[in-house]
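Peer 1: What follows is each chain in one-letter form.
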Amino acid sequence: MKLEILLGDEAVALGAIQAGLSAGYSYPGTPASEIMEYLIKVAAETKAFIASWSVNEKVAFEEALGVSFAGKRALVSMKHVGLNVAADPFMSSALTGANGGLVIVPADDPGMHSSQNEQDSRFYADFARIPCFEPSNHQEAYDMTRQAFDVSEKLGLPVMIRLVTRLSHSRSSVRPRDPRGQNKLRFGASRDWTLLPVNARRRFQTLLDSQADMVRLADESEFNSLRLSANNRSLGVLASGIAFNYVQENLSDLENPPSLLKVGTYPLPEKLIRGLVDHVETVLVVEEGYPLIERSLRGFFGVAGKTIRGKLSGDLPLTGELSPEAVRPSLGLKPLDRLDLGGFKLAARPPQLCAGCPHADTFHALSKALREYDKSNIFSDIGCYTLGYYPPYQAVQTCVCMGASVSMAKGGAEAGIHPSIAVIGDSTFGHSGLTPLLEAAAADTNMTVFILDNCTVAMTGGQPSYASGERLLRMIEGLGVAQNHIRVIEPLPKNLDKNAQVIKEEIDHHGLSVIVAVRECLEEAKKKRRSG
Amino acid sequence: MKQDIILAGVGGQGIISIAYVIASAALEEGLELKQAEVHGMSQRGGAVQSHLRLSRERIWSDLIPRGEADLVLSVEPLETLRYVDYLRPDGMVIASRTPFVNIRDYPEVETLLSKIREIHRHLIIDSEKLAKEAGSSRTQNMVMLGATARYLMVKEENLTKFIKSLFERHGETVVAANLKAFALGQAVAAAADFVPASNGNRGRGGE
Numbered sequence: 000m001k002l003e004i005l006l007g008d009e010a011v012a013l014g015a016i017q018a019g020l021s022a023g024y025s026y027p028g029t030p031a032s033e034i035m036e037y038l039i040k041v042a043a044e045t046k047a048f049i050a051s052w053s054v055n056e057k058v059a060f061e062e063a064l065g066v067s068f069a070g071k072r073a074l075v076s077m078k079h080v081g082l083n084v085a086a087d088p089f090m091s092s093a094l095t096g097a098n099g100g101l102v103i104v105p106a107d108d109p110g111m112h113s114s115q116n117e118q119d120s121r122f123y124a125d126f127a128r129i130p131c132f133e134p135s136n137h138q139e140a141y142d143m144t145r146q147a148f149d150v151s152e153k154l155g156l157p158v159m160i161r162l163v164t165r166l167s168h169s170r171s172s173v174r175p176r177d178p179r180g181q182n183k184l185r186f187g188a189s190r191d192w193t194l195l196p197v198n199a200r201r202r203f204q205t206l207l208d209s210q211a212d213m214v215r216l217a218d219e220s221e222f223n224s225l226r227l228s229a230n231n232r233s234l235g236v237l238a239s240g241i242a243f244n245y246v247q248e249n250l251s252d253l254e255n256p257p258s259l260l261k262v263g264t265y266p267l268p269e270k271l272i273r274g275l276v277d278h279v280e281t282v283l284v285v286e287e288g289y290p291l292i293e294r295s296l297r298g299f300f301g302v303a304g305k306t307i308r309g310k311l312s313g314d315l316p317l318t319g320e321l322s323p324e325a326v327r328p329s330l331g332l333k334p335l336d337r338l339d340l341g342g343f344k345l346a347a348r349p350p351q352l353c354a355g356c357p358h359a360d361t362f363h364a365l366s367k368a369l370r371e372y373d374k375s376n377i378f379s380d381i382g383c384y385t386l387g388y389y390p391p392y393q394a395v396q397t398c399v400c401m402g403a404s405v406s407m408a409k410g411g412a413e414a415g416i417h418p419s420i421a422v423i424g425d426s427t428f429g430h431s432g433l434t435p436l437l438e439a440a441a442a443d444t445n446m447t448v449f450i451l452d453n454c455t456v457a458m459t460g461g462q463p464s465y466a467s468g469e470r471l472l473r474m475i476e477g478l479g480v481a482q483n484h485i486r487v488i489e490p491l492p493k494n495l496d497k498n499a500q501v502i503k504e505e506i507d508h509h510g511l512s513v514i515v516a517v518r519e520c521l522e523e524a525k526k527k528r529r530s531g
Numbered sequence: 000m001k002q003d004i005i006l007a008g009v010g011g012q013g014i015i016s017i018a019y020v021i022a023s024a025a026l027e028e029g030l031e032l033k034q035a036e037v038h039g040m041s042q043r044g045g046a047v048q049s050h051l052r053l054s055r056e057r058i059w060s061d062l063i064p065r066g067e068a069d070l071v072l073s074v075e076p077l078e079t080l081r082y083v084d085y086l087r088p089d090g091m092v093i094a095s096r097t098p099f100v101n102i103r104d105y106p107e108v109e110t111l112l113s114k115i116r117e118i119h120r121h122l123i124i125d126s127e128k129l130a131k132e133a134g135s136s137r138t139q140n141m142v143m144l145g146a147t148a149r150y151l152m153v154k155e156e157n158l159t160k161f162i163k164s165l166f167e168r169h170g171e172t173v174v175a176a177n178l179k180a181f182a183l184g185q186a187v188a189a190a191a192d193f194v195p196a197s198n199g200n201r202g203r204g205g206e
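Protein sequence lines correspond, in order, to chains A and B.
FYI, in numbering that gives the first Met the number 0 the residues of the first sequence are 0 to 531.
FYI, in numbering that gives the first Met the number 0 the residues of the second sequence are 0 to 206.
These aren't lab readings, by the way, just hints derived from the structure by calculation.
Being a predicted model, the structure only gives us computed values, none of them experimental.
Every residue gets a Cβ at the ideal spot worked out from N, C-alpha and C, and that includes glycine.
Accuracy of the hints is not assured; some may be wrong.
Per the computed footprint, the stretches of chain B lying under chain A, defined by three or more beta-carbons under 8 Å from a beta-carbon of chain A, are [claimed, not checked]:
1) 21-29
2) 32-38
3) 62-72
4) 75-84
5) 92-103
6) 112-125
Could you put the whole structure together from the sequences, leaning on the hints where they help?
Peer 2: Okay, structure coming up:
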C-alpha cells in the first residue's frame with residue numbers, strides 16, 4: 000500500500016482500524032487526542048466502526064472492556080494521567096482478561112509540555128503484569144498496534160502501547176498493510192469475568208502463569224534486537240522506545256561503537272539482556288521517562304562485576320525529556336559546535352488566554368468581587384482557565400487534577416477558608432466534577448463553584464462537551480443545589496459590574512452556590528463560521 | 000544529503016501549515032522525513048516550533064540535535080532568536096521582521112533585528128507588507144515559505160502544488176492570495192543577493 004504521512008498518534012489509530020477494530024473510546028488530552036480525532040474522522044467516512052469521546056477515561060476504559068467482553072476488538076486511548084482515572088478498571092482488566100483484542104494507549108508527556116506530571120505508563124503495565132509495546136518510530140507505532148491486537152487475543156490479556164509526546168506529535172511516513180475484518184459477537188466466560196474472590200484468585204494465578212510466555216514472546220519479538228560489537232567489550236547500550244533514536248543519532252560520532260540492544264516490548268527480553276550484559280563491562284540504559292529498565296537491571300545490589308549506568312547513576316537526567324544532545328555526554332561525546340551569539344536574555348512567551356476569551360471576563364468579574372475579602376482562595380481545575388494563573392489575571396492558586404477544584408474548595412472551606420471558590424470548565428465538570436458537587440450539595444458547604452460553560456473542550460482543540468447548556472443546568476439542580484443559588488452570568492466586558500454583584504451575593508450566601516458563566520469559546524465560534 | 004529546519008513562531012501563525020507544505024513536497028520526491036510539532040497548551044498564543052528533517056537517508060531522531068540545524072525559518076523576530084543555538088556554526092536564518100506582541104516585556108524590534116543581523120547568513124523579510132500586498136495579512140507564513148523556497152532541497156513547483164491542496168477547501172481567493180504571497184517571498188529572496196554558505200560575505204536583508 001501507498002506511503003502516508005501520519006502523526007505517531009494517527010499511525011496507532013490506522014493500525015487499530017486495519018487490525019479489525021470494532022470500537023474506540025477516549026477522553027481528550029494532550030498528547031493523545033489525535034488518536035481519537037483520526038478514528039472519528041475515518042469512522043465518519045466509512046461507518047465501519049464506533050469511535051467516540053467518552054465522558055472520562057474510566058468510562059472510556061469500561062466501554063472498551065465491554066466491547067472486548069463481547070468478543071470484538073477495542074481500543075482505549077488517553078493522556079498518561081488519564082490512566083490514573085481509569086486505573087480501577089485497568090488493574091482488574093488484567094484479571095478478567097480480554098476476549099476480543101483490547102489495546103490501551105496512554106500517551107506520556109515527558110518534559111510536561113502540556114501536563115501536570117511526567118509519570119511513566121510503563122510502570123502501570125508492569126504493575127498490572129500485562130504486555131506493553133513501546134514504539135520508536137511511526138512504522139513501529141502502526142505495526143505494534145496491529146501486533147498488540149494479536150497478542151491480546153493470543154494471551155487473552157489487555158495489551159498496552161506506550162506513546163510519548165515526541166512520537167505522538169511527530170509526523171513521518173508509514174506504509175500500511177492490508178486491513179482485516181472485525182470479530183463476530185462472542186461472549187466472555189462469566190467465571191473469568193465475574194471477579195468475586197473465588198474467581199479473582201484463580202484469574203490472578205492464571206495471569207502469573209502467563210508471565211513466562213510474555214518473556215518468551217519478548218525474546219523472540221522482531222521489535223527487540225541485539226547487535227554485539229566484537230571490537231567493543233567495554234560498553235553496551237540498552238535503549239528503548241524513542242530513546243533508541245537519540246543513541247543512533249550520535250553513534251556515527253563514536254570511533255568504536257558500543258554493542259546495542261534495542262528494546263520495544265515489555266516484560267523485558269531476558270535472554271537478550273543477558274546476552275548484552277555478558278558481553279560488556281558497563282551497560283548504559285537509555286530510556287524515555289522514569290528509570291524502569293535501569294532499576295530492573297540494578298535491583299538492590301547491582302550485577303556482580305558489571306557497572307550499570309543511566310538515570311539513577313546520574314549519567315542521564317532524571318527529569319524532562321531526552322534529546323540527541325542530552326544523550327551525548329553519557330556516550331562520552333562533547334556537545335556539537337553550534338552557532339553562538341554570546342549570552343543574551345530572551346523574553347519568555349507563555350501560553351495565554353486568547354484575546355476576548357470569555358474566561359478573561361469571568362476572572363475580571365471574580366477579581367473585582369473578591370477585592371472586599373482578604374482571605375479568599377480560588378481552586379482551579381484543568382483547562383484553558385488554568386492560564387488565569389498568569390498575569391494580568393493571577394487569579395488561581397491551585398491546579399491538580401480533573402475535578403479537584405470542587406473537592407479542594409470543599410476541603411478548603413471546611414478548613415476555614417472564606418470565600419472558598421472553585422473554577423471548573425463544563426467538560427471537566429462532566430468528567431469529574433459531579434461527584435464532589437453532589438457531596439457539597441448534600442452538606443450545603445459554604446463555598447462558591449464557578450462552572451465556565453464555553454460549550455466545548457477548548458484546550459485540546461474543541462471536542463464536544465457532555466455537560467453544557469440546558470443539560471448542565473438540569474444536572475446541577477439534579478445534584479441537589481438550591482435553585483435560587485444556581486446563577487447564570489454572561490461573561491462580557493459590558494456585564495462586569497452586574498456579574499461582580501451576582502458573585503458577591505453568592506459569596507455572602509452562607510452555603511453552596513453555583514455560578515454558571517455561559518459564553519461560547521471564541522476559537523470554536525470562529526471555526527463554525529469558517530465551515531459555514 | 001539532508002536538511003534540518005527549525006520552524007518558529009507564535010501559536011496561530013501557521014507554522015504547521017508551512018511544515019505541511021514542505022513535508023508533502025518531500026514525500027512526493029521520495030525523501031525521508033520527520034517533523035516534530037507542538038500541540039495542546041502552547042498553541043494558545045505561546046512560542047511554538049517545529050523540527051523538520053528531510054534526508055535521502057534514514058532519519059533517526061524526531062528532534063534536530065542542537066548544532067545540526069541548517070536553517071531557522073521564523074515568522075516572528077523574537078521567536079527567531081529562541082532557536083539560534085540549534086544552528087550549526089554556518090547555519091542560516093530567514094526571519095520575518097514583523098513582531099507579534101502579546102507579552103508585556105516585548106523588546107524593541109530594532110534590538111532583535113540587530114541581534115539577528117549578527118548571524119552570518121541571515122535574511123530579514125517584511126512579511127506583513129508582502130502579505131498585505133498578496134491580499135491578506137494572514138498569508139505571512141506563505142511569504143516566509145516563498146522566501147525560503149530556493150534554499151530547500153525540495154522543488155519549488157512541488158511547494159506550490161501543496162499550497163494549492165492545503166487551501167483548496169477555503170476557495171479560490173484564499174488559494175490565489177497564498178500563492179501570490181509565496182511568489183512575493185520568492186522574488187524578495189531572489190533579489191536579496193543572499194550569500195551562500197561558502198562565501199565569507201555578510202548576509203543582507205531584503206527589507
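Peer 1: For which of the previously enumerated hints does the structure constitute a violation, in increasing order of number?
Peer 2: none
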